[in-house]
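For the sequence shown, the residue numbers in mature numbering (1 follows the signal peptide of the UniProt record, and there is no 0) are -27 to -1, 1 to 407.
No lab work stands behind these hints, which were simulated from the structure alone. Any given hint could be a false lead.
Restraint-style ranges between C-beta atoms, simulated for each label pair [as the list claims (entries may be wrong)]:
#1 239 to 353: 57 to 65 Å
#2 186 to 151: 15 to 23 Å
#3 157 to 389: 54 to 62 Å
#4 235 to 193: 19 to 27 Å
#5 374 to 79: 53 to 61 Å
#6 239 to 338: 32 to 40 Å
#7 392 to 84: 29 to 37 Å
#8 113 to 193: 24 to 32 Å
#9 340 to 383: 13 to 21 Å
Beta carbons: idealized from backbone N, C-alpha and C, even for Gly.
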Amino acid sequence: MTIRFTPAGITVAIALLICAAGRPAVAQDKYTIGLNVQPGQSWTFDNALDSTMNIKTSAQGQVNNVDNGMAQKRVGTITVRDAVNGRPSAITVAFGKECSSSIKANGQEQSPPFPLAGQTVTLKMGADGTFSHDFKGNLDPAVEAELKQMVEFDGSMYPPGPVAVGDEWVPRATKLKEQLQLAPNDKLDIKCKLLAVGAIRGIKTYDISATGSVTKAQDGMQMTIRIGGVTQLELGSGLPVQNDVVVAIGITGAQQAPGADGQPVAVTINGTGQVKMTGMAMPKEGFGGGGPVAVGPPPGPGPQPNPLDPQPNPLDPKPPVPPVPGPKPKNPLAAAESPFTGSFKGRQLSAEFKIDDDKMTGSIKLGPKSFPAVGKVEGAKLVGSFEADGAKFEFVATLEGTTLSLDSEGNKYTLQKDAAAAPAPPSKPKNPLE
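Please build the complete structure, drawing on both the sequences and the hints.
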């Protein structure tokens, strides 16, 4: 019995979904998405992949559980040696010594050394699609494929024309279909969206999400892949400077396998898995004089970042750079502050809201994850939504004294208002005639 499942191949294909890049256009608040790297540009990279898979098989009353997993870490520096129409045709990759891999199968874990750790190689992609490298040793096919992906870029994921913030498009996904070996009856439903023009680590970015699913049938098995992720792309070159993707995998079906007496028996198979990919790049040379560019509005006419827009990446441990202007002074004639304003903390969940003219902005945190939230006060209720992985989720909160009750689609939490954050009662003004 053979289950054809390769986490590395699937995750490499999924990563192509959000490696689209951009340079700004100047017409009607639209942006033209496309790769635009130049010879001499270089950047450091720090990428991690973590995949887990549980397969449960059942035959003749016997159940067997198998846990598999894989982890990869890749760090180093990439320098563009040659490029054609903004796409690299030759790059040099200096891999760091800390590059590593580990594989877990049937309860056994192995950590085979990465053959390119501490090595520098030059990768080339010919006009006819021929890939080559100058490494003198032997590389297995998986490493060869990994190197090829570093110099090969999939233009079929880019939008068909200029897009504005909030616009969605359905990518052709030619490379993804090839990687997953999709048959005519398999289904691919992927959408990309330009979330914002933002910034991270002092670098101006286009923030693009990719969400959707893939359904594939093979050898009596049904595989469903659900994708959610956000990539932040450096504005001028299209270099992905932050990449966070989560892939959920489900497998179900039945196959024939030889039994104890050699006769075929039906084997029921169910599997669940998850793949997490994170990537970070930092420009070094050739990006507007080298290094990160100053944070500010995008060059030329175009939509400005909206402070009420959802943050592009709820899983990003490094929050975007805050805006430069300070807060507007409070009007002394303004109405009393809303009781929903402040910080609220619970056992698992915490929240921070700011109410201005019944409109709410803030964030909801679950563990290390932070989700931007917007909404409004409706009578005694706070009605809002937060965004995660490109999807919006509704919630309603009520306040009784200092206790906040929050309900999000049946998920209920109880939080207490932070006494330190609660506004102090206004003091009586001093009599000017004293």
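Numbers of unmet hints, in rising order: Hints 6, 7 not satisfied by this model.
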